[in-house]
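Asks: Residue strings, one per chain:
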Amino acid sequence: MGDAALIQALQRIVGEQHVLHAPADLAAYAVDATPLLRSLPTVVVFPGSRDEVKAILELASEKRIPVIPRGAASNLSGGTIAIEGGIMLNMNRMNRIIEVDAANLTATVQPGVTTAQLAREVEARGLFYPPDPGSQVISTIGGNVAENAGGLRGLKYGVTRDYVMGLEAVLPNGAILRTGGKNAKDVAGYDLTRLLVGSEGTLAVITEITVKLLPKPETKRAALAIFDRLEDAGRAVARIIENKIIPCTLEIMDKGTIKAVEEFAHVGLPTDAAAVLFIEQDGPRAVVDADIELAGRLCREEGARDVKVAATVEEGTKLAEARRFALPALARLRPTCVLEDATVPRSHLAEMIRFIEATAKKYNLLICTFGHAGDGNLHPTCPCDERDHEELERVEKAFAEIFDKAVSLGGTITGEHGVGIAKQDYLEWKIGEAGVAVSKGIKAVFDPLGILNPGKVLPKATRKRLVVRQG
Amino acid sequence: MSSVSLTNLKEALNYDEIVNCMRCGFCLAACPTYKLSLHEPRSPRGRIALARAVAEGHLDLNDIVGPLDQCVGCRACEVACPAGVHYGEILEAARATIVEHKEQSALERLVRKVGLKWVLGTPAGIRFAGWALWFWQVTGLSWLARKTGLTQAVAGKAMAELEAAMPRVPSPVKRFMGGGPGHVFPAIGERRARVGFFTGCIQEITFWKENRDAIALLQNAGCEVLIVPGQGCCGAVHTHTGEEAAAHEQAKRNIAAFERHQIDYVVNAAGGCGAALKEYKIWLKGDPEWAERAKKFSASVRDISEILLSLPPIPLGPRPGRVTFQDSCHMRNVQKLVNEPRKLLSSVPGLEFVEIGNADQCCGAGGVYNIMQPETANAMGADKASRVKATGARELVVANPPCQLHMRASLMRAGLDKEGVRVVHLATVLRESMDAAKSQERTGQTTR
Ligand SMILES: Cc1cc2nc3c(=O)[nH]c(=O)nc-3n(C[C@H](O)[C@H](O)[C@H](O)COP(=O)(O)OP(=O)(O)OC[C@H]3O[C@@H](n4cnc5c(N)ncnc54)[C@H](O)[C@@H]3O)c2cc1C
Ligand code: SF4
Ligand code: SF4
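Protein sequences appear in the order of chains A and B.
Residues 1 to 471 in UniProt numbering are what the first sequence lists, from first letter to last.
Residues 1 to 448 in UniProt numbering are what the second sequence lists, from first letter to last.
Treat the hints with caution; some may be incorrect.
What the hints assert, rightly or not - Okay, derived cross-link-like pairs now, DSS-like style, lysine-lysine, Cα gap no bigger than 27 Å in a straight line:
hint, chain 1, residue 1, chain 2, residue 2
1, B, K10, A, K318
2, A, K440, A, K430
3, B, K418, B, K209
4, A, K464, A, K440
5, A, K259, A, K361
6, A, K63, A, K460
7, B, K336, A, K318
8, A, K259, B, K336
9, B, K281, B, K10
10, A, K54, B, K35
11, B, K438, B, K389
12, B, K389, B, K418
No lab work stands behind these hints: they were computed from the structure.
Bound-form chain A, shown alone (with noise of 0.2 Å):
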């Protein structure tokens, strides 16, 4: 099928109006936020209903032509860049929250809200979506599930699988599938639902979302804790969780990324402190006043320096600023930032960021580190310069090596940014030959033709683990 004929059937599909093919419309969507990716789509469409994406995958299927599900184009890892070409299938139209449901405590969306409109949508009700990625204001709900992303709050409350009960979804061959639902309670038969959570669009577009909500929690407070030595900072997470308080943030940054900060913020960081840890509980004004203090108690036990606790809310919300200034100002600092998101289980994370330090002096790059220490999901970050290739080079073989660690740690390459093109040739290192085979055989039986998001996530070829390093 040529392009023209393309194009055409697709306007008669959606309208002409949903369809972009200009040469400056296609350059807009080469790319996403991962650094370095570019690759033109042959069409841009927006589907404005599910018969729409209905029409446009029997089509693409006929013609064999790749699709591309796109939400907000936010992921790091390159999983909307088109790199065979095809229909990048845009769901930002399908926009609309069709339910929030107070009785079941669930939300039904199309999966092009944000979840920065979810999150306000239910708040106004006095109810609560706990999945906050840093990207909340502009990635849509559709992104987080095929991403199965993680934020902040992690820790105390999960990832957005945790929240998913039921998703409608269309086959690359058009049917259209359901699963799950409203139900507390369901196991008849696979768990569907989980498949497709973090499937990455390589399974089934997704056109409808039913999450979990929950109550809305009472207040929160925040403290930070202020370290000179890293490993104080890594005992002190475990010690706070070994008590049996689980905050619903427990954030780490780095020394670099402390300066970072606070020489773009001033936000009152000690420079010259190895770690700082940010805390916060919410729930009941009690148990949130005892737990912040208590955490509090022990990171001084730990060899904190300092430890400073916010009295309101909104002395919390300064505190959070400092970590949420961790990668603007990083970002700030050359042009190009690598971000990435090694993960171990939080026993090792000293070990795992002492690691990373060394392993940007050994290549001579700047890596700062921040993350969400409660999860052990950390974000190595290395502010660069792509028009410098060799120095891109080094960057590589250092996240190359901080992969091979996280994993030898028992940790994983990917802690929620997803595989995508970014990480597919180490997910053996991961799930093993065994899961790859399987992973194969799932992509085989959803989408026989491999139309759908071709390339991303399952290897073409698989990197040789890194020489077994001693200790």
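Assemble chain B with the ligands onto chain A, guided by the hints.
Replies: Only chain B with the ligands this time, still in chain A's reference frame:
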């Protein structure tokens, strides 16, 4: 375009700034043209990607004209960007490159020459425009043209609507009596500062009264006010339309004009112009002769709201009514003056200030955007109008004349003017409150 080498193009398009964009998309949530279209090329991230594609030779410059023209230039994206990308600089560089390399129609060349070079480009041209506009309005020509549909037929619907929303301009005689270039307005009470007033070009004609209100406020706050002679248009319109060289000429002329006088501050009552004046230091940073002078000039620029708050408060009297406030984008996103006008409004006795639902969103005026892209501009104006309605305010207070004009037209379209909702400048509200205080004092009612 083929004559330009890629290296030149990279430089012209400010490639160094372009690569700072990490494509996170945070700016999409702030962009009014993206929110209306949901199309990436209508977003800041998309526009930067397009400029980049041109700089890297993947796209032709002509391909990106449309998406760039659609940008209202409100710079809300800059405030939202975590990486600190200077979108405004990328946009201006791209527009200038387009003007330089693009084929222009004869009509476009004529409009640019007459409008930007002769009229806005020289003080005499601006004076001429003032005469012409006044003549147009008093002779009834304007009324006749409107009735017969002539304005609409000649200039298009967008222009016709704006023309209808245009306030009556004062007569040249009245303007002359009210103090023109070179006039010094004495400080009232203790003299605290000497300021040079930047009148703005068209504003000094169409919003002459607002300027005089601002001057009266300054006088009462203890400022001696000089209308600096030899000043002209700030150059913002020129940058919006890609006339970079002409914009820089305006900047230099204005800096030189103000340098000739001993003044502490350069004060203006137009958020958009003020932003341009404050950015002269960026415009001229590469010019060895002017960089330092521009920096000094920009540092002395103050918006009327900013300077009033830094001086001892003027006594204010009751001026009741419910009002809401429309930020000027360039005042909010470039000058970062968000609280200042709100503080002033809240200090007016009897005035009830209610926040508008989408305060950080552009109204759609955007320099000449409402003339060039009426469809998008009017959609943005309509959204604003409905938000104004929702506040129940009787007045929409503004801080920038182009917004004043555009919002007046938008409220008319929404029929709100018939319900008695008015658009007024912040300076006018404050002046009326100040006058109320004075008349109270005269009649001995003061309670202080
Ligand atoms: C600054 C920044 C901070 C971030 N912080 C976090 C964080 O804290 N936690 C986190 O987990 N991630 C984070 N991310 C990554 C990213 O925001 C998430 O992966 C997010 O879930 C992507 O959502 P999206 O709408 O942008 O999806 P996209 O990027 O558009 O798409 C992501 C994937 O989902 C697929 N997809 C999208 N919609 C559908 C659909 N309807 N049906 C099927 N497949 C679909 C796409 O094909 C693609 O593979 C961050 C990113 C940035 C830039
Ligand atoms: S917010 Fe800034 S860095 Fe992110 S896409 Fe927009 S301009 Fe680029
Ligand atoms: S300046 Fe305004 S309209 Fe233009 S891209 Fe930025 S936010 Fe959008």
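Asks: Determine for every hint whether it applies to the structure shown.
Replies: Hints and how they fare:
no. : hint                : verdict
1   : K10(B) <-> K318(A)  : violated, 40 Å
2   : K440(A) <-> K430(A) : holds, 15 Å
3   : K418(B) <-> K209(B) : holds, 23 Å
4   : K464(A) <-> K440(A) : holds, 20 Å
5   : K259(A) <-> K361(A) : holds, 17 Å
6   : K63(A) <-> K460(A)  : holds, 24 Å
7   : K336(B) <-> K318(A) : holds, 20 Å
8   : K259(A) <-> K336(B) : holds, 26 Å
9   : K281(B) <-> K10(B)  : holds, 22 Å
10  : K54(A) <-> K35(B)   : holds, 26 Å
11  : K438(B) <-> K389(B) : violated, 32 Å
12  : K389(B) <-> K418(B) : holds, 12 Å
Of the numbered hints stated above, those contradicted by the structure are hints 1, 11, listed in ascending order.
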